[in-house]
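*Asks:* The chain contents come next:
There are 2 protein chains.
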Amino acid sequence: MRLEKFFNPKSVAIIGASRVKNKVGYEILKSMIEGGYEGEIFPVNHKAEEIEGLKCYPNLEAIGKTPDLAIIVVPAKFVAETIKDCAKVQTKAVVIITAGFKEVGKEGEKLEKEIIKLSKQAGINIIGPNCLGLIVPANKLNASFGGQLPANGSISYISQSGALLAAILDMANTNGIGFSKLISIGNKADIDELDIIKELNDDKDTKVIAGYLESINNGNEFASQAEQISHNKPILLIKSGATAAGAKAASSHTGSLAGGETAYECVFERAGIIRCNSIKQQLDFATAFANQPLPKGNSVAVITNAGGPGIMAADAIEQQGLVFAKLSEETISKLAENLPKAANLYNPIDVLGDALADRYEFALDTVLDDPNVNAVLILLTPQSMTEPAATAKAIVKISQKKPSKPILVSMLGAQKVEEGIKILTEGKVPHYDSSDNAVETIKAITNYVGWKARPKRIVRLFAVNRRKVENIIERHLRHKTREISEAESKEILEAYGFVTPKGTIATTAEQAVSTAEQLGYPVVMKIWSPDILHKSDVGGVRVGINNARQVRDAFDLMMYRIPKKQPNANILGVLVQQMCKSGTEVILGMNRDKSFGPLMMFGMGGIMVEVLKDVSFHLAPLTGREAKQMLINTRTYKILQGVRGKEAVDIDAIAEGLQRLSQLVTEFPQIQEIDINPYVVGREGTIPIAVDARISVEKV
Amino acid sequence: MRLEKFFNPKSVAIIGASRVKNKVGYEILKSMIEGGYEGEIFPVNHKAEEIEGLKCYPNLEAIGKTPDLAIIVVPAKFVAETIKDCAKVQTKAVVIITAGFKEVGKEGEKLEKEIIKLSKQAGINIIGPNCLGLIVPANKLNASFGGQLPANGSISYISQSGALLAAILDMANTNGIGFSKLISIGNKADIDELDIIKELNDDKDTKVIAGYLESINNGNEFASQAEQISHNKPILLIKSGATAAGAKAASSHTGSLAGGETAYECVFERAGIIRCNSIKQQLDFATAFANQPLPKGNSVAVITNAGGPGIMAADAIEQQGLVFAKLSEETISKLAENLPKAANLYNPIDVLGDALADRYEFALDTVLDDPNVNAVLILLTPQSMTEPAATAKAIVKISQKKPSKPILVSMLGAQKVEEGIKILTEGKVPHYDSSDNAVETIKAITNYVGWKARPKRIVRLFAVNRRKVENIIERHLRHKTREISEAESKEILEAYGFVTPKGTIATTAEQAVSTAEQLGYPVVMKIWSPDILHKSDVGGVRVGINNARQVRDAFDLMMYRIPKKQPNANILGVLVQQMCKSGTEVILGMNRDKSFGPLMMFGMGGIMVEVLKDVSFHLAPLTGREAKQMLINTRTYKILQGVRGKEAVDIDAIAEGLQRLSQLVTEFPQIQEIDINPYVVGREGTIPIAVDARISVEKV
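Here the protein sequences come in this chain order: A and B. Each residue of the first sequence is one higher than the last, beginning at 10 in this note's numbering. Each residue of the second sequence is one higher than the last, beginning at 10 in this note's numbering.
Simulated from the structure, these hints should not be mistaken for laboratory data. Watch out, some of these pointers could steer you wrong.
Put simply, identical chains are the same to the list, so a pair is met inside one copy or across any two.
[Stated by the list, open to error] Pairs of lysine-lysine residues, derived as PhoX-like cross-links and limited to a Cα-Cα distance of at most 20 Å, are as follows:
1. K655 with K622
2. K489 with K32
3. K97 with K14
4. K111 with K350
5. K74 with K115
6. K402 with K289
7. K477 with K19
8. K574 with K544
9. K573 with K350
10. K350 with K115
11. K603 with K406
12. K622 with K647
13. K350 with K86
14. K573 with K19
15. K32 with K64
16. K305 with K452
17. K39 with K126
Whenever a hint applies, use it, and build me the whole structure from the sequences.
*Replies:* This is the structure in structure tokens:
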């Protein structure tokens, strides 16, 4: 384990330990001592002989031993020197608390680079700089200035904001939430989120990985690793700075529709990462994941002692797209035998306002046996006879007796239910301050279960003419031409198995007529010039041409008008092309995200994309299932299935197109953007046509 | 004030007072005594001489005085008798706590009706039955068994669930939230939600009206009254039973049927009612409304001592559609002079991790003067130097010094910020447990401000031929015919200023041809029979008929084929009709909600309504602004404005159509449903055509 010395050091040096209260160098030492750390602590400060009863050393060497872990709190300008000291004594694990590096600008960035260089040379690993420190409750290690050591538990937390970690610690300490590791990663100059997540994946004491991130260092690697890890342990992340991404210059349709946020959404979805909106929500989710089993399905039973909250929970369950469990005959008759006559035996089970703990216990015990129930939500309002504490004890008892289905509780109120909530927390039954939050949690867990149950991802590989594409791209890169012409874009697509409309470039009107007659009417005519990118803007596109006269007119008008509009354009002729008869227009596209790689896009064409922005995204490479899911994820998918007498289109053919495109952009990282617009699809068995295409490339 | 005797009684009789602890009759008496009620309390129980030191009376008459208020706790079967006793001593205000009425079925419903009859005869007003009671902190009146008397405040709460009220009480008592009145309305057999809301509107001690409702008794009246009241005081409601599952739970619980969700949404929106999803959210909103001024706009400044939470708040502000305030030059330079160099002076203002109370105070003081700022959100994370309590004091101080803009605070953490939160609450600065919740609250307040600022609702009245419609409807009602034929439906629409396609019914092929020639090709032909409602199902509709031969063919084919399909249909001929050339198809409609009246619908036609269900609703009568808003509220409104070279349609003409329809259904409550589908609209200046219409009527 690479981070063993961080998480379980036998000795810790605090370089920059201080005697002055409130100073970070003092607070960390105090945290270590008060946390009851059982290894050796070496305060290092050449101005002091002793701090808080511990012998203080003038420098690391003076200790005469190799501390497993060094915590650096000295001012930024002395940090480099301190790293050299660590190298001398062979301390390989270092946490740099000190701020004043990359986050303060150029000067700090230089300092940070120097430190990383030094540490790399010496084989030292660094957490930080500019962080709050590191906490491992099981080892009584509190090398932080964030607050007191929390209870031991199975949630580990990584935070890019130290202040947020301090707040979490305070919440955890007050609410009895236990943690395995808490790591403030600061500027993550060396060890970053992925290093830690990988480590936590191997850590037997960590059941749930949670974190707050503002950025991700290595997008592509993060995406693929996180996907592996999610199968093993749930990853719950807050990713902030979501909307602030801002507009991004992109020349393609796909690019302009995919904001910075889209890539994160795609990565999180593919990797099974559960995204959270607030610390509170994250802890709500995490405690359920840490303490309760995963449900086998999405049906929920509710037990309540009051109608109102039961109805509200039912609303929330339906709104979240969960299933309100239909109880079995057996459950209902068992409840009928043992509950008062006025009780509601159907979901939500109302054990009535005068219910003592025993009724809750019986109802829970019974409902857990119902095969139609996957999870149970228990609600309690403190009425005059209600026994919150005894009820909590009963719930904990049953949850231990029948531990195969998740049980969540919401006791409404405050002081009257305080004791009950405490008992639940200690008994590892998660408690929520409203049924809304509990239902949201069930939804998150259910989604995770669904994600885990996905079939194995198998990416189909098509036989393609890779060499041809290579040639076209290389030539463009040599000439530093970013945009590939329509004709060559189509050649690229054809090399990857796409069908494009037949056609030839005509240089005279008569040639155009003979081409048209060969292709058969109707035809499309497009001006052909490397200098004209937006053909329709100059009147360079005519569709639905039906006879020779129209061909001649269109040819001559283009030749007469376009040179007036764009006098410098080198006009090579007019493309006369087969016109796709009927069919539904869709868009296939790709936009390469700087950190996460190719983002595939599918969109409904025409008005749907213009008005509704009805598009969906997915990271490449795509499996067949994912490609199809992209279609299903659009709001107007039904149109593809056929509505109002309109025939269904060949959905599998579109999905195949997406997979071929996915293969193309995966094999050619030089491709930055692709739009196939329109991609015209017909009924089942017909071959879709890539009518127009744009590809742009860049050197990588 | 009709409820004066309920809210401020000089004497209270508790009929069914008990000496047995835990019994409701004891708990209420105890609540009254412990609340410190200063008027006279008369326990009534023929089995006791004295309870808790108070003289006990065998019956009401034995008191020898008229109690202002009677609380009835006797078993259901004795309640009618007790009402008679109240009548005898002239007690006009009665709260029936006792359960066992409508909510338990037929028998209970009978009892309830009897009681209401008796009380109406005697001029008695009743709250309940089946309720928790009534609490008025200012008058030290706690006539409930819900918990101890909360602090006095300006929020009043009405609850259809007693248990929920008990939970609210507990939350309020723990978190120091003050109330003006808390009323459990139970089965609301006499006094209902609207009676109380009207009363609270006149109540100078109530600033905010909040409530939990499962049903609304008198929809129409409620809608119009609530709209008036909302202008004066914000109304915050939880309406449960929203979804199908919730509605089912509602009917099995209270015996009251939950209304259609759409109607509630329309009513709440029109009446400016702020809908809440949970008690917690409702109290979050209510405390801001109660204690802070309304903002003048939707721009928010954030002050924080940590970057992470600042970014998360910025995300939330953008996601909620609020504006992240751009600070003025003046503000920025003032902040620059007084904050440390590393501080972020732009929104979010980061006063840094080592900020003491003074920096918060200065930043808040400064930012409140900025004309670009309408509301301020303050975030605090408990870091080592942070002073939550002193910071809270500083915030309260500034909020009192500059009380014109709302200030909301979120202190992350728990125990470390507990004291700070308490100071804020006492200082009437609302606190939120996450910035998300605070931002949601700002959004709710801003929406309310926007609603209040709506222009006055003026419903335009068109000159119409009311008499004609009256005749058609009356004839149908006489013949008990629910569905009005297409021809007469169109006559009705024409009487209200709609244009329908010209056409005549032809009985022979030649007649059809001559009609077609008069109208001009193309024409539409439709089979004409009172017995055929769905013409196209039997092949009875042909569009785009272009010449005499086609007219003859269509006529003869219909006459040959349709009698085979529907042998008993009385076929009167074939309607030959003008065909609307180009245009966009939309749908206008109305569906009359049982409790709230006519719900107008606008929808995009064709695939949009089939696939996307792209429709919007609004209660009639409609103003011009509301009619237009209905168009804007559809997702594909842009299509009407013109996209992709397609011309814009005459939006005002559609809005006028909706207003005319609104007038029709308002003037004729007999009309249950209308569909104008399609309503074909062209570019500006053209007249839309009601191509097809269906109207159904019922006796009212």
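*Asks:* The structure should be examined with respect to each hint, and the outcome stated for every one.
*Replies:* So, going through the hints one by one against the coordinates:
Taking the shortest Cα distances, K655 and K622 sit within 20 Å of each other only across copies (17 Å), while inside one copy they are farther apart (22 Å). Proximity of K489 and K32 under a CA criterion of 20 Å is satisfied in neither setting, with 57 Å inside one chain copy and 88 Å between copies. With identical chains, the CA atoms of K97 and K14 are at most 20 Å apart within one copy only, with a shortest distance of 17 Å there and 86 Å across copies. Taking CA atoms no more than 20 Å apart as the test, K111 paired with K350 passes between copies only; the shortest distance there is 16 Å, against 69 Å inside one copy.
In this assembly of identical chains, the alpha carbons of K74 and K115 never lie at most 20 Å apart, being 37 Å within a copy and 86 Å across copies at closest. In this assembly of identical chains, the alpha carbons of K402 and K289 never lie at most 20 Å apart, being 25 Å within a copy and 25 Å across copies at closest. Proximity of K477 and K19 under a CA criterion of 20 Å is satisfied in neither setting, with 60 Å inside one chain copy and 96 Å between copies. In the homo-oligomer, the alpha carbons of K574 and K544 lie at most 20 Å apart inside one protomer (12 Å), although the nearest pairing across protomers, at 54 Å, exceeds that limit.
Taking CA atoms no more than 20 Å apart as the test, K573 paired with K350 passes in neither setting, with 90 Å inside one copy and 59 Å between copies. Taking the shortest Cα distances, K350 and K115 sit within 20 Å of each other only across copies (15 Å), while inside one copy they are farther apart (75 Å). Taking identical chains as interchangeable, the C-alpha atoms of K603 and K406 are never at most 20 Å apart, the minima being 52 Å within one chain and 48 Å between chains. Taking the shortest alpha-carbon separations for K622 and K647, both the intra-copy value of 16 Å and the inter-copy value of 12 Å come in at or below 20 Å.
In this homomeric assembly, K350 and K86 come within 20 Å of each other (Cα to Cα) only across copies, at 18 Å, whereas the closest approach inside a single copy is 77 Å. For a Cα distance limit of 20 Å, the shortest separation of K573 from K19 qualifies neither inside one copy, at 82 Å, nor across copies, at 95 Å. Proximity of K32 and K64 under a CA criterion of 20 Å is satisfied intra-copy only: 19 Å inside one chain copy versus 67 Å between copies. Taking the closest pair of Cα atoms, K305 and K452 come within 20 Å of each other only inside a single copy of the chain (12 Å); across copies the shortest separation is 38 Å, beyond that limit.
In this assembly of identical chains, the alpha carbons of K39 and K126 never lie at most 20 Å apart, being 31 Å within a copy and 75 Å across copies at closest.
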